[in-house]
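Given the coordinates of chain A, assemble chain B onto it according to the supplied hints.
What follows is the residue order along each chain.
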Amino acid sequence: MEILGPNFIPIVLNIALALSVLSLVLLLYITVEHWMIDRRQQHNSTFGKAIIPLIWRFLRGEATEETAIKAMQEDPTEALSLLIHLAHELESSSRPRLQPLFTGLIFIDEEIDALKSNQLKRRLLATERLGFLNNEASTAALLDALEDKIPAIRLCAARSLAIQGKTEAIKPILQALDLPNELDNRREAEAISDYGPSAVPTLLTMLESPIGKYSANAIIVAARVLGMLRTSEAVQPLIRLLKNPQESVRLCAARALGEIGDPAAISPVAALANDPAWRVRKKAMKAIGKLHADRQIPMLSNALSDSSWWVRFSAAQALHSLGQVGITELQKVMKNTSDEHAREICCEVLEEHMILDTKKN
Amino acid sequence: MITILYICGFSIFVYFIALSMTSLLLVILGALQIHKYNKEITIAEFDHIAQSELSTPVSVIVPAFNEAAIIIGTVENLLKLNYPCHEVIVVDDGSTDETICVLHQRFKLQPLERHGATQIETRPIHAVYESPDYPNLVVISKENGQRADAINAAVNLSRYSLLCVIDADCVIETDGLQHMARPFLLNPSLAVSSGVVRPSNGLVVKNGTIVARGLPKSWLGLNQEVEYARSFQWARNGLNSLHSMLCISGALLLIKKEALEEVGGPWPKAITDDIEFTIRLHGYLFDRRNKRNLKIAFIPDAVCYTEVPEKISQYLPQRNRWQRGTLQAVFRNWRMIFNPRYGTTGLFGMPYFLLFEALAPLVEVAAYTLAVTFLVLGLTTFKEILILMFLAYSVNVFLTLMTIYITEKSNQRSTSWKDYWKEVIAIFTDALGWHQIRVFVSLLATFEYFILRRRDLGAPMERKPTPSASI
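Residue numbers (UniProt numbering), protein chains in the order written: chain A, 1 to 361; chain B, 1 to 471.
Isolated chain A, as found in the complex (with noise of 0.2 Å):
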């Protein structure tokens, strides 16, 4: 007798031995390649540390461009790769010095035609190195590469852009990112600001043209990082944004206004305090904050009895900012005042700042 019946049991021992035939197929594969992947790893540690320096002579004039591209040809890719981390590593107006070297090792068909392939890493990689190539021709595969599908791509040819310097890639790259989510707009603002103070008159000429002419995402990105950059010629093109009848730019606007740090933005951002949308309204207190504006102190107080717990905890925080003259406004409006929001609001900022201690009184 037995527990599967006589019929199974050779059944049960093939499937046993095949698998047993196949753990050892596999286990002769991955020593294989466990082999090839020593190797690698073993030609790619002594080819960067003759590599490496090699680079590192050439930038100091020491060594010719002909004797580094030679001894690079031997491994392109593992090459470029080591090229492109020192790259990063440098300074960006060092990055020209390497210019030669990328010209050498950069096939620019190749790269342009794998910028079609259905492979995203393979985009990525192409995308990633034509920002190196600083010619017509990949400056005009990246403007295309701004068009793919995928959002990483559209990134990192942005950021490919910016290593170029090209500043009449600034537009289409706000024209054609466009995205709508938060995260993803700040990493194209980050994107743009790589350029530095060279984006400025052209996100400015942005930020004046008539409404409608670029979408609100392409001007929301370009005062962020206007405000990123602390451009002050960008304080009165921003005052006129906190009129626009889109709420996301009117937000955004209020911040950069706020990083920039401009007194005259000050009045034009209090008044915001009564902007139909909460999230304006939280903007605008946190803003006046960062603008150390003592005499908003009456309508910060205000704010806190706003209905949005966001608003008042922002009005809160932004009194706290100003010092000791904010401070005891809160701790006048903690004693005196009648609603009950805006007293506990108050009482939570000063309790998070050590001011006062809840538990004690």
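Simulated from the structure, these hints should not be mistaken for laboratory data.
Beta carbons: idealized from backbone N, C-alpha and C, even for Gly.
Please note: incorrect hints may appear among the correct ones.
[Stated by the list, open to error] Below, computed lysine-lysine pairings styled on BS3-like, alpha-carbon distance capped at 30 Å: (1) B:Lys295 - B:Lys256; (2) B:Lys36 - B:Lys257; (3) B:Lys291 - A:Lys116; (4) B:Lys418 - A:Lys149; (5) B:Lys39 - A:Lys116; (6) B:Lys291 - A:Lys121; (7) B:Lys256 - A:Lys290; (8) A:Lys149 - B:Lys409; (9) B:Lys217 - B:Lys295; (10) B:Lys217 - A:Lys149; (11) B:Lys291 - A:Lys49; (12) B:Lys291 - B:Lys256; (13) A:Lys121 - B:Lys36; (14) B:Lys80 - A:Lys149; (15) B:Lys256 - A:Lys49; (16) A:Lys121 - B:Lys217; (17) A:Lys49 - B:Lys39; (18) B:Lys311 - A:Lys49; (19) B:Lys311 - A:Lys116; (20) B:Lys257 - A:Lys290; (21) B:Lys36 - A:Lys149.
[Claimed, not checked] The following residues of chain B were derived to be distant from chain A, with all beta-carbon distances above 12 Å: (22) Phe13; (23) Leu32; (24) Leu220; (25) Pro361.
Chain B alone, transformed into the frame defined by chain A:
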């Protein structure tokens, strides 16, 4: 009577087939996930995250209880993480050893007044300290609660919106946080990411940075190396794609603060707070009524190394606690089992966890008992039992080899041939003794949980100074 025995025997065989097929499915799903992940990432992207001012800041939380021997190495390692903005919050959970003293000595701690906005109820805090030399280090000294209570205390005082929980005995790769945070930058609907945990025994760490990876020296450690690889490399990867990764290791977890607060933080009375919290978190994220549409990511190349017991006297109590903790977590959240409201978590994840994790030891011991009974009663032949055991062994070896195949393509592959062959031998010997020891310990733990109603955490594992601290 004999018919009942046959039915039991056949049921166990069906259970074994179901387990093997599910495991194979998970291997395939896991491998596909890793393949997809590897195709997406580029080194430049991580360089960018490491330098970007826009990378979301992270509060790294380290709960510590009697960790004087290793805490300095761990904190040094965390302070060296290559990430643009992070703070390290160490919580001394009422240690009775020198934990707080060594921290004072090494980091010249000074008292700090700090209150946080979040207020999860915890045991009283004695003091909060900062270090003048390391502005992003905060040390909290509090009354002893449990690991969960220590985490909650740190959450209350944390500054940033992303929280990374790491065990005090862990060492993380310097780029680990970049890898963990990457999906949060790409996907706003992500709530949690977790990574791979591997044994740190055999690791060489210098000034907080991992300089060499090796394997544990003892067979027990080596066996756990294989077990961890199998558990993390494919099981969790595959399970996560089915919203069923119900055990995110507490050793490495990155979570949005708002998600942790809404779930209510880890449960201080849990035997294994990470498993209980993970199940509750799944309930929160995947409850269809809430329409949150949030996600969990498993990052196959974010590696955290943790000390594993190399003495059997430490190993057995640890496994006992894990088994009791699993049972407690599953039965505390029993409403999720087969509940369609939680989608695949309820219909697949929870039943899988109950049947193939929590109750697996019971079934396996029942199988051994039945085999002996059948032999004694003459209902089967020794040859048939051997063939069935051979099948179980082949399946086990095949699945584990698949794991090694996946590991070979990752940053966790063995760096020397000696280690590679040691690992291979461990794969072939795992099912010849160690596995059975694990099963019997788990069975005992199940008995203690249900019959003796044991709910304590047991004695903490005795730490030895890791290479990170000694070198």
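Is Lys49 of chain A within 30 Å of Lys39 of chain B, Cα to Cα?
holds (27 Å)
For the pair we were handed, Lys291 of chain B and Lys256 of chain B, check the Cα-Cα distance against 30 Å.
It holds: about 18 Å lies between the C-alpha atoms, which stays within 30 Å.
Grab the minimum beta-carbon distance between Pro361 of chain B and chain A and tell me whether it stays above 12 Å.
holds (21 Å)
Check the non-interface label on Leu32 of chain B: least C-beta distance to chain A beyond 12 Å or not.
holds (15 Å)
Checking one constraint from the list: CA of Lys311 of chain B to CA of Lys116 of chain A, max 30 Å. Satisfied?
Distance of about 56 Å is beyond 30 Å: violated.
Mind checking the alpha carbons of Lys80 of chain B and Lys149 of chain A for me, to see if they're no more than 30 Å apart?
Violated. Lys80 of chain B to Lys149 of chain A sits at ~37 Å, over the 30 Å cutoff.
Take a quick look at whether Lys256 of chain B and Lys290 of chain A sit within 30 Å of each other, Cα to Cα.
Between Lys256 of chain B and Lys290 of chain A the Cα gap is close to 26 Å, so the pair holds against 30 Å.
Distance restraint between Lys217 of chain B and Lys295 of chain B, which requires alpha-carbon spacing of 30 Å or less
violated (38 Å)
Measure nothing beyond the straight line between the CA atoms of Lys291 of chain B and Lys121 of chain A; if it is 30 Å or shorter, mark the hint as holding.
Between Lys291 of chain B and Lys121 of chain A the Cα gap is close to 33 Å, so the pair fails against 30 Å, i.e. violated.
Verify the proposed pairing of Lys256 of chain B with Lys49 of chain A, using a straight-line Cα cut of 30 Å.
Violated, because 41 Å separates the two Cα atoms, which is more than 30 Å.
Would the hint linking Lys36 of chain B and Lys257 of chain B be met if the CA-CA limit is 30 Å?
holds (28 Å)
Would the pair Lys39 of chain B and Lys116 of chain A pass a check requiring their Cα atoms to be no farther apart than 30 Å?
Judged against 30 Å, a Cα distance of about 16 Å means the pair holds.
Of the numbered hints listed earlier, those contradicted by the structure are 3, 4, 6, 9, 10, 11, 14, 15, 16, 18, 19, 22.
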